[in-house]
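**Student:** Residue numbers (this note's numbering), protein chains in the order written: chain A, 1 to 554; chain B, 1 to 288; chain C, 1 to 333.
Incorrect hints may appear among the rest.
Straight-line Cα separation of at most 27 Å, DSS-like style, residue types lysine-lysine; simulated pairs [what the hints assert, rightly or not]:
#: 1; chain 1: A; residue 1: K172; chain 2: A; residue 2: K160
#: 2; chain 1: A; residue 1: K247; chain 2: A; residue 2: K295
#: 3; chain 1: C; residue 1: K45; chain 2: A; residue 2: K439
#: 4; chain 1: C; residue 1: K18; chain 2: A; residue 2: K439
#: 5; chain 1: A; residue 1: K295; chain 2: A; residue 2: K323
#: 6; chain 1: A; residue 1: K389; chain 2: C; residue 2: K51
#: 7; chain 1: C; residue 1: K232; chain 2: B; residue 2: K176
#: 8; chain 1: C; residue 1: K45; chain 2: C; residue 2: K18
#: 9; chain 1: A; residue 1: K323; chain 2: A; residue 2: K389
#: 10; chain 1: A; residue 1: K122; chain 2: A; residue 2: K247
#: 11; chain 1: A; residue 1: K389; chain 2: A; residue 2: K367
#: 12; chain 1: A; residue 1: K439; chain 2: A; residue 2: K323
#: 13; chain 1: A; residue 1: K314; chain 2: A; residue 2: K439
#: 14; chain 1: C; residue 1: K232; chain 2: A; residue 2: K439
#: 15; chain 1: A; residue 1: K374; chain 2: A; residue 2: K338
Hints listed in this document are in silico derivations from the structure and should not be mistaken for laboratory results.
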Amino acid sequence: MSNTRSHGQNGRRRALSRRRFIESGAALATLPPALATAMATVVTAPARAAGVKALIIVQQPGSLRTVDPGRASEVDAAAISRALYDSLLSLNGADPAPGYATNWTVSPDGLTYTFDLHPDWKFSDGTSVTPDDYIFSCHRQRNNKSDASWLLGNVDSITKSGPNQIKIVLKKLDVDFLKLVPNPSLAVTNAAVVRAHGGTDAADAATTDTATTWLDQHSVGTGPFMIDHWDRGSEMVLRANPYYWGKKTFDTVVFRFVQDPTTQRDLLLRGDAHIAVNLTPDLAADLLKRGPASKTAVASVPALGIAYLGFNAKASGPIGQPKAWEAIRCAIDYEGLKEIYLGGGQLTGSIVPPQLPNALPVAEGMKQDIPKAKAALAALGMPNGFSFKLTYGADQIIQNVPATDVVQKVKEDLAAVGITADLIGEPLTQELTDYRAGKPEAVLHLWAVDFPGWTDFLPVYAPGGHVALARQNWAVDSSPEANEIAELTAKAVASLDPKEQIEPALQAQRLINQHGPYAWLFETNYQLGYRTDVVKTLAVDLLSFFNIPTSEFG
Amino acid sequence: MAAPIARPARLLAGAAGWLSNAEMAVGIVIILGWAVMIAAAPLIAHFDPLQQHIALRLRPPSAVHLFGTDQLGRDVFARVLYGGRESLPAAVAVVAAGFLVGVSLGAVAGYCRGIVDDLVMRFTDMMLGFPLIILAMAVAAALGASLAHGIIALAAVWWPHYVRVCRALVLDLGSKDYVVASRAAGRRPAGILLRVILPNALQALLVMAAIDVGRAILSFAILGFLGLGAQPPQPEWGAMVSTGATVMDDWWVATFPAMPVLTLAFAFNLIGDSIRDALDPWVGGRRQ
Amino acid sequence: MLIPVLLGMTLISFAVTKAIPTDPIIASISQEASNHPEIVAAYRKKWGLDKPVPVQYLTYVGNLLHGDMGVSIYTHRPVVDDLRDYLPATVELATVTIFFSVVLSIPLGILAAIRRGGMIDLVVRLLTLAGVAMPIFWLALILLDIFYLHLGWAPAPGRLDYALQPPPPVTRFYIIDSVIAGEPSTAWNALSHLALPAFVLATWSVGLLTRMTRASMLSVLPQDFLRAARGKGASEFYVIRRHAAPNAMIPIVTVIGLAYGDLLSGALLVETIFGWPGIGRYAFNAAVHVDFPAIIGVALTVGFIYTIVNLAVDLIYALLDPRVRASLLAVRA
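Work out the full structure, taking the sequences as your base and the hints as a guide.
**Tutor:** Encoded structure:
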């Protein structure tokens, strides 16, 4: 029995008081300078701090299954992970910034990375952080074969190269390696403590590591908070880490799990929650309409996810033909889709989100062009259109935008040029299975970011890439254009020099936009509602949704 | 003692009572009203239920759009009317199928008792806890996703309730004096079950079935949410209420599709009550 | 009888689950991970999915007989732990709902039947008609909007105020645990959080039970033995309580059992709206992820409760009606 639930274990809290005094004090939040992209800024409320200062965040329980950084990979865990642990690097927008490492160097061949580390960091139990803790954490993460264990797949070795220095050697060049390192899954945990609770970094960690149960109720990291307890389905409570290296923040952070977005909005309006994570675009628009009088605001930031239609290059019938793809691309009303996703999305130039390096400018993105769509249909030999099956996750919410709304709009657009999209709604889980097997004729799908680098997108969707080959059946040798795109992509990822990357990368995206089996519909946005009387500014992190605001009390 | 046997003559006599029954009339008017509106949808609704006007999404009720517009700018009034073409027959089909299967099994179990009772009831107990979604996913995987296959899946989890209740009634009635008397008089068991026990049991069962019609309509919502029922953009009440619930600030999107569900469930219950009364052997001639 | 029923349930559930083409591993891991065969293979091995289906089933049943329900593919935790975390909230809500429904419905139903055709009957019938006809989650949203968002009378969704610490777990029912811990204010708070979702659920169950009670009473009231009892000069109250009500109870008790089971397994939408950390959402996630250990775990638990409740119902029949007793006892033995 793995009963490590923490009720009553943390005696200190009960000894203090049964009540947590969630009455929040005014919080003059400041940004963690290197950690995040700053968004909204609003007023400071008068101080009425009394007792413990707590921040209440309401989010969907969603896929939150563990907060063990060595196993978690879900975006729902990322914000919590960020609050508990640090990685070697952090993110400033899409760029790497210092974390446990203060600075770093790359060898000329791009294979050896050296990181200088903070000499005086402490874990939340007061023990010092050493390079060995990081090495253990990484090996455990890689060897336990959990979802994110691929992150270190290209790493040949991680070694200690000095008392406060780490050296990482790659197997082959990876132009975006420094953007993998800040991932919350590659966090520093206290090796001795994790080992003491069943953790191991051995090669067979997939079956022998048992620390997750303990790490779901406790934490030993360097982040601003540590786990107090986690009541699955109800709440997770964090309290301040007394040894935190940065500025003091809230004493307590409460994550409340509420599934219904409207209920989340209501909690925010009543002041029972201070940050609401899962607002639909309509609810976010409602908060914006209510304005400052409601003491709420909305922070919005690109989520680097691309919603797209993908066509099966091996499908029999017209939908397998490039001219059919072109007809569909030109028939879609991309501007009209904005009415559905509202603030929950924005246009994209191609597969690489516009905020990342080497992204095709939005101006070169796909546009509705009915005559061109009809010309493509004529060239296909089907001037009156054709029909195909469009499979989608009926219960899929594309970053708070319902997939059913998107496909219904697309169906209507296509009908205008005579193309019939037969909508095949499936449970999302089924759609994932079918798409991964390369079965559906066409899908509506979302590619969510793994690391904020352009190589998480272009090479995956270029001919022969993971998604292009296994799911779209789009092979390198399928056409001269496919071959050219593959060559351009290979050229772009072969150099660390941005100047040598950009031209082939952009040209590859242009050609994909013209010849590829895709229609890029929009890029997703995070929209978070927050109370302006508690949170002055909300820092939004590209990988973890958002960062828990750090604050000063007035 | 008046033998409470439903004879054709009694049913006829009851029929006269039905018409005078105001509740019955109200129930029939509501159902007929919806049926006529649903049938005449193309004449009544000025809009195509599938036609989107994305720029006019989520508009409140107005003279043009009586029930407002939904997330894709479609006319909710038209969708409610056309939606009934899917939802109403589907819900009745689910309840009817569940009722027939459940009542038959329950009657046999309760009347035969012994090993038959045990087998039927244990199987029923197993199916009572069986998750609808899993069954619907399996049916959709085997036959394809559609409203018709959603009906099959729902009916397959719907019947156990009727088995339980029907068996309880049959057990109860089987020990009543008049049944014992019939048996003693040498009537065949099948005759006793069909002519004596079931007509009496039906009273309570009908009340239950009437209550279930509204629930059946809404049960399609969960199937629709997973793509296991009617496929969008086809309007269907359950799915309309559940997707409308995600934009509750724009109350009309969920509320107007909920209205036919509410009023029809109300009407079915009124009629269920009236039929119950008509079947009630004690009420026909001498009301207390 | 319980063991074969539960084993039969595992077999049906397992077979149906395997008929669904969704891959439970692909369904529950990240997209990027599904592109890495070694990760997928490690997960398949962990859940024995690399073995033939009959072996998988026998392994599962073998473990089950040792009290091990396996590990959920979706949550990666032992199903027993998950059930212990999620079931109590649902049972607490369902029990409070059914308790108040029974207390309210039976007197109302009897009263309506006695005063058949009168004013009380009319009011009771109209209210209960509205109750059973009401789409529950629509009502939940409307009531939350009015009583929480606008009026602020109802507490925030969830099982307790955010400022309160859950009581130390004994039964994991907050109301009972708070009382055990000597914290009546927490118990009161838990009850206040329960009120609105329980009210919403009860609109349906009160409607159902009242209507069944009325229908059942009506079929008993005119019978000869009651006339005989009245003829002997017994008071009307005595006749109802002593003769009519017990005779009308059998279908009512059955429906109470069914309604309780429905409340346990059918509260998904109400749980979603009221942030209630119950088994509904867990079961939903298990189903869509074809997470068979969790699916069977939930089905077994709900089936177990149903079976126990139905067994209790059968026993109550026997107590109510001596003539049923003999045959039932013969069957149960």
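**Student:** All hints, please: hold or fail.
**Tutor:** Status of each hint after checking the structure:
no. : hint            : in the structure
1   : K172/A / K160/A : holds, 20 Å
2   : K247/A / K295/A : holds, 26 Å
3   : K45/C / K439/A  : holds, 25 Å
4   : K18/C / K439/A  : holds, 19 Å
5   : K295/A / K323/A : violated, 52 Å
6   : K389/A / K51/C  : violated, 34 Å
7   : K232/C / K176/B : holds, 21 Å
8   : K45/C / K18/C   : holds, 17 Å
9   : K323/A / K389/A : holds, 17 Å
10  : K122/A / K247/A : holds, 14 Å
11  : K389/A / K367/A : holds, 23 Å
12  : K439/A / K323/A : holds, 20 Å
13  : K314/A / K439/A : holds, 9 Å
14  : K232/C / K439/A : violated, 79 Å
15  : K374/A / K338/A : holds, 24 Å
Hint compliance for this structure: hints 5, 6 and 14 are not met, and every other hint is.
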